[in-house]
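Listed below are the residues making up each chain.
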Amino acid sequence: MELKIDRVTKNYGSKIACDRLSITLGKGVYGLLGANGAGKTTLMRMMCGILNPTSGTVSYDGIDVSREEYRDILGYLPQDFGYYPEFTAQDFMMYIAALKGIPKSKAKAKTAELLETVSLKNEAKKKIKTFSGGMKQRLGIAQALLNDPKILVLDEPTAGLDPKERVRFRNIISRMGADRIILLSTHIVSDIEHIADTILVMKNGQLIHEGSLDEIIEVIKGKVWECTVPQKIADEFTVKYPIINTRNAGDEIFLRLVCDEKPCETAVNAEATLEDLYLYYFSEEEKGE
Amino acid sequence: MNLFFDLAGYEFKKILCRKRTVITLTLVVLIGALSVFGTIIGNYYYTDENGNEITVSRYDEEMIDRRYGEELSGRVIDADLIMEAVEAYRQVPLNGDRHYADTEEYRNNARKYSQIYHIARRTFNLNGVEDFQNLTREQAEQFDKIRRENREYVIENSKISENMRAYWQKCLDGSPKTLTYEESGGYYRFVTIMYTTAMMAGAAIAIIISGIFSEEYTNGADSLILSSKHGKGLVIGAKLFAAFVISAVLIILLTAINYVEAMMIWGTGGADAQLVLMGNIFPYKITIGQSALLYSICALAACLLFAAITAMLSAMLKAPFNTIVIMAILLIVPMFINVPDEAPIWVLTLNNLLPTNMMAFWGAMYEYQYEIFGLIIPPYVFIPVFAAAASCACVYFAYRAFKKHQIS
Amino acid sequence: MLDILKFELYKIVKRKRFLFSPIIILGTIIILLSAALSSAYSYDGNGNHVFGYKAIKYEKARAEKISGELTPEKVADVIELYNIVASDTDNLTEYDTIKDSVYNSELYPYQKIIRCVAVAYTQTGQPDYRIINTLTYDDGLDFYNRRDKQVIDTLNMDYSYGNYSDEEKNVILKFNENVSEPYVLGYTLGWESLIEYAFPFFVILTFVALINVSSVFSNEFQRGTAQVILSSKHGRSKIFTAKIISVFLISTLMFAVFVGIYVLTFAAVYGLGGSGASIQSLILLSVYDLTLGEAFFTAVIIAYAAFIFVIFLTLTISVVCKSNFTSVLLALALYFIPIFLNYSKSSKLFNYIVDLFPIKALNAFEMFKQYKLYGFSDTLVRQPYFVMALMPILAVILTVAAKNIYSRLSYD
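Residue numbers (the numbering used here), protein chains in the order written: chain G, 1 to 289; chain Y, 290 to 697; chain P, 698 to 1109.
Among the hints, a few may not be true.
[Unchecked claim] Coverage of chain Y stretches by chain P, computed from C-beta distances (three or more under 8 Å per stretch; other residues unrestricted):
#	region
1	329-338
2	609-615
3	623-632
The hints are simulated quantities; they were obtained by calculation from the structure and are not laboratory data.
Predicted model only: the values in this text are computed from it and were never measured.
C-beta atoms are modelled at their ideal positions from N, C-alpha and C, and glycine is treated no differently.
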């Protein structure tokens, strides 16, 4: 079970959305981390065969992405996925099942099972146009799982879900990751922290880092500091270092920041998290560097 | 196969569950069903000899004309019949205050021969009733000869190829020497109303089908469809199948409604009558009934072509708005641009291949045929064949456009 | 306000469909000109048929023979000439009609006058050219009286949908008295072609403008920008005004530019001499005291009034509909469907209302053929001027209604 992405590039005129990206994915859950415009969605679309790369190939166990056999084992939840307002949840699931070539009898049972899994069992016969954003998202997750896909690609799957549903979702994905390839992208860093076996960090169309959570965080181990300083110093630090957190502490300002050396006398080392790493990598972009 | 029909079922559901589809279909079927009655609703007014205003219903007037026509049915239009009509018309005063058609002499005597008058007027190139009143027996005896001579004049003087000229001569030689009158008001009314009906069906098809692909793009479902197993194959076929089935059912239903209504009101007579009884029309070797059937097939083909073009544009243009604009241009603009009769024949015949012009009876029975590698093909054959070929091309482009669609 | 207006203008002109609009309209002009040229015909000095662009030269030469005032003497001369030609048996066919070749070489130059005689001297509504055979020189001198009698007979005819009232007849006859005599003839082929193809041109021009305007408001909802706009300071007031003004400016500019191109294109091919010819040279029984040029430009103004009404109707629909597709569909339906309405044979009111639909009003030159009056009791206004006044008033009413609807809009 191997998904091979080989020197995949996507250009839009002079803009390079994906730059000779190569990676091989095996069983497990992969979290794709990157700022807006890093190329995560472009990569996912190319992996799903709905966007042709400018160059490079995507294949699963030798089956190219353009073939029907590939799409047969694929489950995809796009960002802002579309639906039919007049369809009920059940209708929609049955329609997607037909698209995926699942026989009707099997589809019915699977639909019921998945709607229960995503807590939409009671809304099965209601029209999608009456659903809230979170309900639509759960329906989207359910349709991606219909054909028991060997490759599951989820683009911002937890957007719009409340904390309880996010936990539930994580548990489903974690269970499923044992015997399939799951790639999910999200800005909710804690989701990746909890379920991803491997984290892929993308920047400017390139994979800049790949590894487990511990391996990834190694980069900034010992570089996360917390300190409480006067406003003036806080303003200086804000310009100089990537600031992860800031809050008022009486007359002074509490800061959590990333810095190679100790920034001030009162600073103490803090345990690094994935969010610290995200801001460490991507704060330069925000500052326009 | 089951899967294909399952997918098609969902496509039907997507199309038919939309509010605009329900409204459009309801309106079109309603208007199509009621438009046949347009000429029989309301009253006709005339002034009698005493100056009183008389009101009669248009329905009654039509039924009187129908009865008169049926009484004449089966009679050969020869000198005897023509002179019978002339004698009746001679009693009609022309120089009074009232229009001749309002006089008792006309209504009671001449009116029953009005169809014979119209046929004679066309044949003898008369200017009006006065000329008809002056027609002599000697002239009436020349009726069939002059009919033939008129056609021979057109054959000799038209700017057509030798192949077409030979074809025209063959049609003339093959047509019966005499003309037998048959009341065919039902068929006349049917082919007249079908043009409007087919145009309405075309507009409805454009509205209903315009989102078949483009709405997948606009509502974001294209990602799901194209990334699924059958999304680049079977689904596209299912969409096109649904589009064609809905279009075919609509036009066939409307045709059936118009036909039944026209036959019920104006009668079923004239199915076996010669086509030339319909008016100044090319003498194809088909009967009125056959011409109505062939025309219906042309209208069906035109509507299916319309559906194919709409589906193609829907796949290529990515937005239903753009599709409906172009279909409106295709439907409406040809109505306003008249190609003059002096235009080259290829322009005239090409003009008849526009979908809206295919929907007209006079297009299906057009006097100029299509010449392909020396073979002369009448329009009622060429139009459906062309529509089928063009539809196939549109289907191919629609298929390709959706399959290759990139989501970026 | 100016900034907002600039952005609204920018939003309209930056759309792809706006960029395609000139292509469609110019294409239409070319097609119409081609149709006009292919149906143009004349006869050379030997009576041979001449078609297309070459015919224009011969028509100009022909017009020179009859240009000037159509005096009764001129009419009488033509009648006399016709009778001289018809009395020579060598000029006749076996059916005692004038041979085509003789007619084309001897009489075709006077065709316009012959047509006027046929209309003036035969039974109302059924002009018969053979009437000339029965006329004398003295009959010709009575031309204008006979023509006026035709107007009276037309007014006195029985119409199944209702006759002209006495007040209407008086008003029409009064206008008829003001028509200048003698009429002026001239080379009018250019104007005739412009007039004949004006209706399809206006229909397509209005259609293209309608497409450009149909999503001005609905697009904000479709894109989701309505949330931001409606919640902003000027979102329910200045934005609306800016959109209305920008649409008005762009539509008017489109109309002016493309009508100008239409006229200039035909003028370049046909020439527009003869603008001073009386409208009666085309429509003998018309009761309008206008030259052809004046009538054409009046028709343009009427068409503009109908055009503006359609634009503002479309804008109102765009305010009501929250989807571009529904907006354009409804606008197209309301615009085009009335073209299929046939006149009633029993209701005068229905017929008068049908003529007020904008697509019917775009066929403005037709109004000069008719004697329709609109109004109540003492105040009766002729159809062209009534339409010219009514359309903008309705456009203003629609704008006020649209403003009301817009100010109460909610985003859900």
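Each hint, compared with the structure:
{"no.": "1", "hint": "329-338", "result": "holds (count 6)"}
{"no.": "2", "hint": "609-615", "result": "holds (count 5)"}
{"no.": "3", "hint": "623-632", "result": "holds (count 9)"}
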